[in-house]
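Peer 1: Residue numbers (my numbering), protein chains in the order written: chain A, 1 to 331; chain B, 1 to 304.
Bear in mind the hints are in silico, worked out from the structure with no lab data behind them. Idealized CB from N, CA, C, for every residue including glycine. Among the hints, a few may not be true.
[Said to hold, decoys possible] Subject to a maximum C-alpha distance of 27 Å in a straight line, what follows is the list of computed BS3-like cross-link-like pairs (lysine-lysine):
| hint | chain 1 | residue 1 | chain 2 | residue 2 |
| --- | --- | --- | --- | --- |
| 1 | A | K93 | B | K216 |
| 2 | B | K220 | A | K93 |
| 3 | A | K201 | A | K93 |
[What the hints assert, rightly or not] Derived, one-sided and incomplete: chain B residues facing chain A with beta-carbon distance under 8 Å:
| hint | residue |
| --- | --- |
| 4 | A121 |
| 5 | L199 |
| 6 | D202 |
| 7 | Y203 |
| 8 | R205 |
| 9 | T206 |
| 10 | R208 |
| 11 | L212 |
| 12 | T215 |
| 13 | R224 |
| 14 | A296 |
| 15 | D299 |
| 16 | P300 |
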Amino acid sequence: MTNSAADPVLSVADLRVTFGERTEAVRGMSLSVARGETHCIVGESGCGKSVTSLAVMNLLPRGAARSAGHIRFHGRDLMGLSEREMARLRGDKIAMIFQEPMTSLNPAYTIGSQMAEVFERHRRAGRRAAMDRAAELLARVGVTAPGMRLGQYPHQLSGGLRQRVMIAMALMCDPELLIADEPTTALDVTVQAQILRLLQKLQQELGLALLLITHDLGVVARMAQRVSVMYAGQVVESGPAAAVFAAPTHPYTRGLLACIPVPGTVRRDEPLGSIPGMVPRIAPGFIGCGFRDRCGSAMPECAGAVPLRDAGGGHTHLCRLLPDATRAPGA
Amino acid sequence: MRLFLFRRLLLAILVCLTVLVISFTLTRLSGDLAASIAGPNATASDIAIITRNYGLDRPLPVQFFDWAGHAATGDLGRSFLYHSPVRELIGARLPVTLTLGLTGLAIALAVSLPLGILAAAREGTAIDRAIMLVALVGQAMPSFWLGLVMIIGLGLDLQWFPISGVDTWQGYIMPGIVLAFSAIPALMRLTRSGMIEALAADYIRTARAKGLSRTKIVFKHALRNAAMPVVSIAAVQLGFILGGSVVIEAVFALPGIGYLAWESITKNDFPVVQAVVLFLAVIYIALTLLADMMNALLDPRLRG
Ligand SMILES: Nc1ncnc2c1ncn2[C@@H]1O[C@H](COP(=O)(O)OP(=O)(O)O)[C@@H](O)[C@H]1O
Ligand code: SF4
Ligand SMILES: [Mg+2]
Chain A
1 MTNSAADPVL SVADLRVTFG ERTEAVRGMS LSVARGETHC IVGESGCGKS VTSLAVMNLL
61 PRGAARSAGH IRFHGRDLMG LSEREMARLR GDKIAMIFQE PMTSLNPAYT IGSQMAEVFE
121 RHRRAGRRAA MDRAAELLAR VGVTAPGMRL GQYPHQLSGG LRQRVMIAMA LMCDPELLIA
181 DEPTTALDVT VQAQILRLLQ KLQQELGLAL LLITHDLGVV ARMAQRVSVM YAGQVVESGP
241 AAAVFAAPTH PYTRGLLACI PVPGTVRRDE PLGSIPGMVP RIAPGFIGCG FRDRCGSAMP
301 ECAGAVPLRD AGGGHTHLCR LLPDATRAPG A
Chain B
1 MRLFLFRRLL LAILVCLTVL VISFTLTRLS GDLAASIAGP NATASDIAII TRNYGLDRPL
61 PVQFFDWAGH AATGDLGRSF LYHSPVRELI GARLPVTLTL GLTGLAIALA VSLPLGILAA
121 AREGTAIDRA IMLVALVGQA MPSFWLGLVM IIGLGLDLQW FPISGVDTWQ GYIMPGIVLA
181 FSAIPALMRL TRSGMIEALA ADYIRTARAK GLSRTKIVFK HALRNAAMPV VSIAAVQLGF
241 ILGGSVVIEA VFALPGIGYL AWESITKNDF PVVQAVVLFL AVIYIALTLL ADMMNALLDP
301 RLRG
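Work the whole structure out from these sequences, hints included.
Peer 2: Structural data, given as C-alpha cells:
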C-alpha cells in the first residue's frame, strides 16, 4: 500500500485551532496525504473537519487562531508563509472545493469568467487561453456543451452541474493537493454517486493527493485509502481504510460503523442507529478523552491523559483500551 | 425581463394617475382660486369673469379630465404669475435642477461608496466606528442649517464659493454638498451592510480559495453583489435630492424647478404647482425604472 509517510504532499502535525478562550475546535490534529492517495477525514457534524481544512488553507474565519508543529506542503512549511505567498499557492498547487455548490459560485458572473480568473491569476494567461482551458476542463469533468456553459450563470445550472464546475475550477491550474470539504453532502443520492466517481477518476488520472472530508462512512468505504476518524477536534483513529473497516479499534469508530450498514463490517451485536449524545464543545486546556460522556467503555481513568496506541501497519487510535481489548468479541 | 419591465411600466402609469388626482384635488381645496388670481382689489364681477374664463365653474371631474387630457399631450397650461406656458417655465429651469441633483448625487456617491466599502472591509475596527459616527452626525444635521453655515463660512468669510446663483459652475458646489449630505448616511450605511453581507458569502470563500488578490475579492466579487441595493437606494435618494432642492434652491437662490415650485405655491399659481408635482412624480418613477434596469444588468438572476 501507499506509505504516506515516505514523501507526503501534505503533512500536518499537532494542528490546533481556537475560537477565543472557550472553544478549541481542533486539538492537535496530525495527518498526511501522499501523491495519488485519497485520505478521508470522517466524523460527525461539528467535530472540526471544516475548521481543519480551512486551517490548512489559512482561510479560517476572523476570530480563529491556529498553531501547529508544522503544515508542510512538499516539505515546505506553510505556517511561516505570508498571506501573499499563501495566496500564490491557493488555487494553483492547492485547490479546494466546498459543500455548498449552490452558494459557492458568485451569482453575478458567468461560469467562464469565474473559471478563467484562476488561470489568469496563476498562469498570467490571457482571457482567450483561460477560456479554452476552462472549456477543456468542463469537458473533462463530464459537462456537456462546455462552450455554452461558459456563458451561463450559476443560477442556470443544477446542483450537480455546479459541483462539477467547482471541481473543474479547482483543477484549472493542475493542483497537486485537492481538499474537498463534503463535496457531495448537499446533492441527492444519484448525483452524489456520479460526483464521487468523477473525483475518483480524476484523482487516479491526475495523481492528485485528495483530502476528502465527509461525515458519511459509505463515502469513506468507496473512496479512501487512508482514513482519519475525527472526534471533538482530534483524530481518534487513523489507518489504512481497509484495516480500519475490518477491525475498528476506537469505541467511537465502532459506534459510527454500527450506524451504517456496510456489508461484512457491521457488528450484529450492536444496535443500529446514531450514537446517543452530542459532540461536546471543548475549551483549551481540556484533559482526558473527549468521547467519555458517550463511551460505553468509559472508566474513571479516561478523565486523565489518553495514550495514542498503535495496532500496527500505521493503524493507531487514541484510547486507554488496547487494540486487542477493543477487538474482543462483545467488548 | 420584458414582462418585468411591462409590469413596472403599468405600475408607473397608475402611480402617475394617482399623483395627478391628488395634486389636482389639493390645489382645488386650497381656497377660491378665482379670488386669489383676481387679487385683493377685485370686484365680485371680476371674480365671476375669471371663474368662467378659466372654466372653474365646471364640475371638478370635468375640470380634471380637461386638464389631464391637455397634460397628456404636453400642454400644461399657462402660469397666472408669468403669463407664459408652464412647459416653457419648467423647461427653462430644468437644467439647473438636474445639474444640481446630479452634482449632489455624484458627491454623495463619491463620499459614501469608498467610506462604506472601507468600513465593511474594516468591520468592527476603530475605522469602521469612526465612519459610522460621521454618518450618524450627518443624518442629524438639517440641510437648510448646513446650507446657511456653509454660506456664512465658505461663502462670506472665506469667499471660496459664490453664495447664490449659478453664473459659474462653482455655484453648484455648495448646494450640491448640502444635498449630498442628506443622501450620504443612507447610501454609506447600505454600502457597508451590503459589503459586509457579500464579504461573508460562500463565493467569497471560494474566491479566496482561488488565491485571488484582496482587491479582486473586494472590488470584483463583493462589490458587484453589494451594488444592487445601493443602486436602488441611489435612485430613491436622487428623487429625495430633487425634492429637497425646493428648500436648497430657495436658500441659495438658484433658478431651478424647486425655486419655481416654492414661488408658485406661495403665490397660489395652481397650473404651475400641478405641473411641477406631476413632473417630479414622473422623474421619480423614471428613476425607479432606471434603477430596476440597472439592477437587471448587475444581477443575471433578474434577467431570467
Ligand atoms: N466561526 C466560528 N466561530 C466560533 N466557533 C466556530 C466557528 N466555526 C466553527 N466553530 C467551532 O468549531 C467546531 C467545528 O466546526 P466545523 O469544523 O465546521 O465542524 P464540521 O466537522 O462539521 O465541519 C464547531 O462545533 C464550533 O464549535
Ligand atoms: S479513552 Fe475511555 S472514554 Fe475514551 S474512548 Fe477509550 S474507553 Fe472510551
Ligand atoms: Mg463541515
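Peer 1: Does the closest beta carbon of chain A sit nearer than 8 Å to the beta carbon of A296(B)?
Peer 2: violated (12 Å)
Peer 1: Are T215(B) and chain A close enough, Cβ to Cβ, to be under 8 Å, as the hint says?
Peer 2: Since the shortest Cβ distance to chain A is 12 Å, the answer is violated.
Peer 1: How about A121(B): closest beta carbon in chain A under 8 Å, or not?
Peer 2: It is violated, given that the least Cβ distance between A121(B) and chain A is near 12 Å, above 8 Å.
Peer 1: Does the closest beta carbon of chain A sit nearer than 8 Å to the beta carbon of T206(B)?
Peer 2: holds (5 Å)
Peer 1: Holds or violated: are the alpha carbons of K93(A) and K216(B) at most 27 Å from each other?
Peer 2: Holds, at about 20 Å.
Peer 1: Let's test the interface hint: is any C-beta of chain A closer than 8 Å to that of R205(B)?
Peer 2: With a minimum Cβ separation of about 6 Å from chain A (threshold 8 Å), the hint on R205(B) holds.
Peer 1: Against chain A, run the beta carbon of P300(B) and see if the smallest gap drops under 8 Å.
Peer 2: Because about 4 Å separates P300(B) from the closest Cβ in chain A, which is inside the 8 Å limit, the hint holds.
Peer 1: Please check whether D202(B) passes as an interface residue: C-beta within 8 Å of a C-beta belonging to chain A.
Peer 2: Constraint on D202(B) satisfied, holds at 4 Å.
Peer 1: With the threshold set at 27 Å, check whether the alpha-carbon distance from K220(B) to K93(A) stays at or below it.
Peer 2: The hint holds at about 23 Å.
Peer 1: Using 8 Å as the Cβ threshold, decide whether R224(B) counts as touching chain A.
Peer 2: holds (4 Å)
Peer 1: Hold the hint about D299(B) up to the distance rule: shortest CB distance to chain A must be less than 8 Å.
Peer 2: holds (6 Å)
Peer 1: Using Cβ atoms only, decide whether L199(B) comes closer than 8 Å to chain A, and label the hint accordingly.
Peer 2: violated (10 Å)
Figure legend: structure checked against the earlier numbered hints; hints not met, in rising order: 4, 5, 12, 14.
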